[in-house]
Amino acid sequence: MIEIETLTKHFDEVLALDGLSLTAPDGQVTGLIGPNGAGKTTAFRIIYGLLVADTGIARVDGVDVAHDRMAAQRQLGVLPDVRGLYPRLTAREHIRYFGQLHGASGAELEADIDDLVERLGMTEFADRLTKGFSRGQELKVALGRALVHRPKNLILDEPTNGLDVMSSRAVRDLIGEMRAAGHCILLSSHIMSEVSALCDRLVVIANGRAVVEGTPDALRELAGADDLEEVFVRVLGDAAKKAEAAQ
Amino acid sequence: MNHQTANGWFTRFLTVLMKELRDHIRDRRSLTLALIYPMLGPVLVAGGLFISGKTLQGDFRAQYLTIAQVGIEYAPALKQYLEDNNILFVPAPDDKEDAVREGRLPVVLLIPESAKGQDHFTVELITNLGRVDNLKITARLTSTISEYNEVVAEQIARKAGLPKGYGSAIKMRRINVARDANIAVFFYNMMPPLMIFMIFLGGVHLAIDTTVGERERGSLEPLLLAPVERWVLLAAKAGAALAFTAVTTVVNLGAFRLFMAWAAASSEHLVAPPGWGVFALTLIVAAPLMAFAVALQMSVAVTSRSMKEAQIYLGLLPLVPALPGMVMVFAPMNPTDLTVAVPVLGQMLLINQLIAEQSMDPLHVVIATLSTTVSAVLIFLLAAKWFRREKMFVLG
Chain A
3 MIEIETLTKH
13 FDEVLALDGL
23 SLTAPDGQVT
33 GLIGPNGAGK
43 TTAFRIIYGL
53 LVADTGIARV
63 DGVDVAHDRM
73 AAQRQLGVLP
83 DVRGLYPRLT
93 AREHIRYFGQ
103 LHGASGAELE
113 ADIDDLVERL
123 GMTEFADRLT
133 KGFSRGQELK
143 VALGRALVHR
153 PKNLILDEPT
163 NGLDVMSSRA
173 VRDLIGEMRA
183 AGHCILLSSH
193 IMSEVSALCD
203 RLVVIANGRA
213 VVEGTPDALR
223 ELAGADDLEE
233 VFVRVLGDAA
243 KKAEAAQ
Chain B
64 MNHQTANGWF
74 TRFLTVLMKE
84 LRDHIRDRRS
94 LTLALIYPML
104 GPVLVAGGLF
114 ISGKTLQGDF
124 RAQYLTIAQV
134 GIEYAPALKQ
144 YLEDNNILFV
154 PAPDDKEDAV
164 REGRLPVVLL
174 IPESAKGQDH
184 FTVELITNLG
194 RVDNLKITAR
204 LTSTISEYNE
214 VVAEQIARKA
224 GLPKGYGSAI
234 KMRRINVARD
244 ANIAVFFYNM
254 MPPLMIFMIF
264 LGGVHLAIDT
274 TVGERERGSL
284 EPLLLAPVER
294 WVLLAAKAGA
304 ALAFTAVTTV
314 VNLGAFRLFM
324 AWAAASSEHL
334 VAPPGWGVFA
344 LTLIVAAPLM
354 AFAVALQMSV
364 AVTSRSMKEA
374 QIYLGLLPLV
384 PALPGMVMVF
394 APMNPTDLTV
404 AVPVLGQMLL
414 INQLIAEQSM
424 DPLHVVIATL
434 STTVSAVLIF
444 LLAAKWFRRE
454 KMFVLG
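As given, the protein sequences belong to chains A and B, one line each in that order. The opening position of the first sequence corresponds to residue 3 in the numbering used here, with each subsequent residue numbered one higher. The opening position of the second sequence corresponds to residue 64 in the numbering used here, with each subsequent residue numbered one higher.
So that you can see chain A by itself, here it is in the shape it has in the complex (with noise of 0.2 angstroms):
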């Protein structure tokens, strides 16, 4: 379970988070949704522990991320919005690299990296170099890193942005599966279709706070509104609203 508590954070003069708290239960797949600039990227950072909050808590499975940074992040598999690969290694090199950073080895890691190419459906371009991998290929081995070791929690930041229908699908699938087998998922996506589709909860930020939050269909019946798309609109356009008023 990742849990999050008033938390606030600062660049210099920009507030991007100003006291955002939510809860992404296990066996639950969370979307945070929310305009570009509204905190999304800031607050995964600090749950996963780039980032420290100026005030606030971050939690994984109860583990406080500031406290003890290295236990909440072998909780968390992370597939955060920049992929970043090492184009002169493989991709099961990838996959192995970070299997060892979390301290597996040996046959185990090669039984649970033989298992990830074939879920993924890595198997062409396994022992290839990444030099050159298309979009869908680079997914699939920031996805195989994310999740080599196992984690009960998943963070995924855009987990389908630049994909064709078909690893779209293959992605979708594989959230699907980790839910049924009772992992914690946090994903932000722009996709209506895909949040819809997938989330069983969903916290709409806008400035850095959470602005509502609830199931899919209780948030179309508090904006009125059939089209998820148009129940972001809705409610963001209030949320706007009450901040002019307020100023």
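In case anyone wonders, no lab produced these hints; they're calculated from the structure. Do not rely on the hints blindly, as some may be mistaken.
[Claimed, not checked] A few chain A positions that, by computed beta-carbon distances, are all more than 12 angstroms from chain B:
{"hint": "1", "residue": "Leu78"}
{"hint": "2", "residue": "Asp116"}
{"hint": "3", "residue": "Ser198"}
[What the hints assert, rightly or not] If you want the footprint, here are the derived chain A segments under chain B, 3+ residues with CB under 8 angstroms:
{"hint": "4", "region": "50-63"}
{"hint": "5", "region": "67-75"}
{"hint": "6", "region": "96-105"}
This one's a predicted model, so the numbers in the text were calculated from it and none came from an experiment. Cβ coordinates follow ideal geometry from the N, Cα and C atoms, glycine included.
Please build the complex by placing chain B on the supplied structure of chain A, with the hints as guidance.
Just chain B now, with coordinates in the frame of chain A:
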């Protein structure tokens, strides 16, 4: 159930180190810097030594010299004297000044028609002393003419009944204690600054690529998501840079020894370079310097905003220690307890001593090693502190 085996920091250090080594062994730029660049200095120095050996071989005064001239027929006695001293003549071309300026002729001797039948006359030399290769020929011609001058002065004095030596009050005789071998030693002394330059260059590409380069490619953020201490990450990357620096230095020293020995063997007048044992000792003495160079490279790389910026700073860095070394080729400095305590300078002085085959004071070795190693550790700790900053790994 995840793996969850919490290995020690050293295992994580080795994991990152091995990855960086594998990654950069596959990188043509890293390999070129480690294996090809270190050969260039030795090739240049050995080439210079080889040419010097060939130039200085034998007695230069015994060699025939052909000089372009105008009007030598007006001074037959001078002509005879110069020919007796192995200086022969050919007619100068019409464009004699251009020929000298452009380097087609080293010097042209001009004798006016008014010299005909005279004891006293003026000769002119068209020369271009901007070209080093002309100096030697011009110097031999002028000194031979000066000798002729003294002979004539002596004859005139004798005819006038004046005492011997009246025409030239002071006679000068040069006793040149320089041996051809000293030229070789001069070239050997060029090795330490070039070697130090390579030490500061060998790991540069790795230092940049594994820090600010990773950030630019977007691979640093995923790496920092792994449960690894930040200082361990940086230490492993520094370890890989150190390994490449060590390979660079070994190739550099080996090439210097091989090429210089080959060049020295081409002339019997050149002394051989120091033996392999001296070069092995040089490598050991230089070890703290390698650590210092890598620590400095890592600290510059982690504080640079982009790869380009890091390349500019680290491209200039090797000049800082190499320039004082070049000065020491011409103005040698003796090591003292104080000077060897200056990081980098201490190693430079000790390496100079080794290459000159002088004995080293063991205390100087201890002081220089401690001073440079402690400095390297302090600089690395500073780099590790900077590596933990949020600005280091967050793009945009």
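Tested hints:
A Cβ of chain B approaches the Cβ of leucine 78/A within 12 angstroms, the least distance being about 7 angstroms, so the stated non-interface status is violated. Every CB of chain B lies more than 12 angstroms from the CB of aspartate 116/A, the least distance being 15 angstroms, so the non-interface label holds. For serine 198/A, the requirement that its beta carbon stay farther than 12 angstroms from each beta carbon of chain B is met, with the minimum near 28 angstroms. With a threshold of 8 angstroms between beta carbons, the proposed coverage of the region 50-63 of chain A by chain B holds, since 5 of its residues qualify and at least three are required.
Here the region 67-75 of chain A counts 4 residues with a CB under 8 angstroms from a CB of chain B, which clears the bar of 3, and the coverage holds. Counting residues of the region 96-105 of chain A whose CB falls under 8 angstroms from any CB of chain B gives 7; the rule of at least 3 is met.
Of the hints listed earlier, the one the structure fails to meet is number 1.
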